[in-house]
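From first to last, the protein sequence lines stand for chains Z and E. Letter by letter, the first sequence follows residues 1 to 292 of our numbering. Letter by letter, the second sequence follows residues 1 to 278 of our numbering.
Source of the hints: derived by calculation from the structure; they are not laboratory data. It cannot be assumed that every hint is accurate.
Distance windows between CB atoms, simulated [stated by the list, open to error]:
| # | chain 1 | residue 1 | chain 2 | residue 2 | range |
| --- | --- | --- | --- | --- | --- |
| 1 | E | 49 | Z | 213 | 47 to 53 Å |
| 2 | Z | 78 | E | 133 | 35 to 41 Å |
| 3 | E | 236 | Z | 82 | 21 to 27 Å |
| 4 | E | 54 | Z | 191 | 55 to 61 Å |
| 5 | E | 133 | Z | 216 | 37 to 43 Å |
| 6 | E | 262 | Z | 97 | 23 to 29 Å |
| 7 | Z | 191 | E | 88 | 29 to 35 Å |
| 8 | E | 233 | Z | 149 | 48 to 54 Å |
| 9 | E | 49 | Z | 155 | 58 to 64 Å |
| 10 | E | 103 | Z | 191 | 32 to 38 Å |
| 11 | E | 6 | Z | 46 | 42 to 48 Å |
| 12 | E | 180 | Z | 273 | 46 to 52 Å |
| 13 | E | 13 | Z | 259 | 38 to 44 Å |
| 14 | Z | 208 | E | 265 | 27 to 33 Å |
Just a few of them, taken from the derived set where beta-carbon distance is under 8 Å, the chain E residues facing chain Z [stated by the list, open to error]:
| # | residue |
| --- | --- |
| 15 | 2 |
| 16 | 4 |
| 17 | 5 |
| 18 | 149 |
| 19 | 241 |
| 20 | 242 |
Note that beta-carbon positions come from the ideal geometry of N, C-alpha and C, so glycine has one too.
Residues per chain are reported as follows:
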Amino acid sequence: MSSIALPHAPPAPPARRLSSWQTWGAILIAPYVLVFLAFVLYPVSYGLWLARDPASYTRLFADPIFVRTVVNTIIFLMVAVNLKFLLALWLSGFFVHERIWIRWLSVVFLLPWAVPSIPTIFSIRFMFNPEWGVINSVIFKLTAHDGPNWLNDPHIGLGLAMLTHIWKSLPFWTLILIAGRLAIPREQYEAASVDGASAWQKFRYVTWPSLRTLYLTSTILSMIWTLGDFNSVYLLTGGGPADLTHVLATLGIRYIRLDQVDLAMATIVCAMPLVLPLMWFMMKNLSRGDRQ
Amino acid sequence: MRKFYKESVLLLLAIPILLWTLLPIYHIFLFSISSKDSAFSGALWPDKPTLRNFGTIVREEHFYLHHFWVQIWNSLWIAVAVGVLTLAIATCAAFAISRLKVKGGRTVMNLALFTYFIPAAFLAIPMYKAMGAYGLLNSRWSLVLAMVTLAAPYAIWVLKQASDKLPYELDEAARIDGATPLQLFRLVYLPLMTPSLVAIGTYALLLAWNEYLYAYLLLSHERTITLAVALGHFIAADDSPWELLMATGLVYALPPAAIYYAFRRYMVGGLTAGAVKA
């Protein structure tokens, strides 16, 4: 059966039958189209209409928190996402070793991804509580000095929010890169060994060329998701101290809670120069892969 | 000797990986089995481990826990509704796009992908306004519909990928035998797609159970909120009972973790293959 080249498109059925299949197609696709119209298209259009007033942008830029938030968001994207991917790349190399205990470790390693954010992020928040948290207790026991103020310091707070984000999403991306590494044919490594290649040379000339596209696509996708990551910042620092650790995701929600919808929408519109190129890249990439 | 060296390096690397992964989770567990007095001692194991925190939870004996059972029921109800609805909508759409080749199917797929790439926290703001306009705020349905909107694009994408792999001769044979589209859907398509359907249903269910932001925006009455939002309330006060928060968090985190590990084979294979197709 596989030796016969079948025409890819099914031969055209009689016209009457075709219309019945098309009718059913339209009926079956309708529920999703309705969901899209009611809960994506309408809200987004309505939101953009709310954000049409130039005065809200003037007010937004006048808010000192806003500039700080944009800087925080860019730092978050650049540092947290890239650090996460370097770690994931390295860890995927660790987890592809075939040992039974490494397989067990990989099952445990998935836990941060498998459990919900709230309990774990609150747990991290408590660990770093300056008075009662376990980290400062240990520091006090070891050095007899008080530890740092952790989450009450805006720089450390943002750093810990990034670490929390990495802790939560590292397993998922490691898994993706493990899948990418396992797809590389073994013979390539064997041939490299025969030629006397070092571990670094194997990575540089065998692993990396095969993994590069996946690595880049994953990084872009992760940047989009990281822009929408509300939990890592909000549940850890709440945007504090003094609203200095906000990112765009938490700032928009903050305006909503203050009933300033026009500012919330203006925040999102201001994020578009950041979001749209990433979305465009992903759309182009996925529809190209779809056609192949 | 070289082999021994490599093994010890691997083992040495395993220790920081294990600590990094487990520390916040063990911290939850430690707090939930500690009494209020011993919770802050900083010991690795409490002097007298106790299950009393869980008793307080099931009897709803604390201000923050007065509606525990209603809230966990809300979480469950919403998660199941999102799982079922997403599965129904996405399966039909994937079938129409991939097998029936409906006109405009490609456009719908692109619109779905576009939705998938909107950062969730950004869509939340217009969604909140729209739910207000529909008069759905504070109803369970607002969260169900919002989560279906978030889960469906990825579900359609994965199901379409899986469905494209089924051989076309099956459809041909069914057509020649005079099958209607619905018979093809029910008798051929659904049985062959079962593994992907399990993965997608679980994905949507877990997404809804774990969701915090949308639940926090769309639901506010203490009898309509999910357990996730209720946990968020704990942090409002400085003197919140950490041991109860962590115990409730453990109760909240166990079901999704168990489901995840039970369906891991489906989840990891089905979902990661579709997540990044480079």
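Against the structure, the hints:
1. E:49 x Z:213: 47 to 53 Å: 50 Å, holds
2. Z:78 x E:133: 35 to 41 Å: 37 Å, holds
3. E:236 x Z:82: 21 to 27 Å: Once the Cβ atoms are compared, 35 Å apart, the range 21 to 27 Å for residue 82 (chain Z) and residue 236 (chain E) is violated.
4. E:54 x Z:191: 55 to 61 Å: 58 Å, holds
5. E:133 x Z:216: 37 to 43 Å: 40 Å, holds
6. E:262 x Z:97: 23 to 29 Å: 26 Å, holds
7. Z:191 x E:88: 29 to 35 Å: Hint violated: Cβ distance 50 Å, outside 29 to 35 Å.
8. E:233 x Z:149: 48 to 54 Å: 25 Å, violated
9. E:49 x Z:155: 58 to 64 Å: Taking Cβ atoms as reference, residue 49 (chain E) and residue 155 (chain Z) lie about 38 Å apart, which means the hint is violated.
10. E:103 x Z:191: 32 to 38 Å: 49 Å, violated
11. E:6 x Z:46: 42 to 48 Å: 60 Å, violated
12. E:180 x Z:273: 46 to 52 Å: At roughly 50 Å between Cβ atoms, residue 273 (chain Z) and residue 180 (chain E) fall inside 46 to 52 Å, so the hint holds.
13. E:13 x Z:259: 38 to 44 Å: 51 Å, violated
14. Z:208 x E:265: 27 to 33 Å: 30 Å, holds
15. 2: Nearest chain Z Cβ about 12 Å off; hint violated.
16. 4: 14 Å, violated
17. 5: Status violated, d = 13 Å.
18. 149: 4 Å, holds
19. 241: 12 Å, violated
20. 242: Result: holds, 6 Å to nearest chain Z Cβ.
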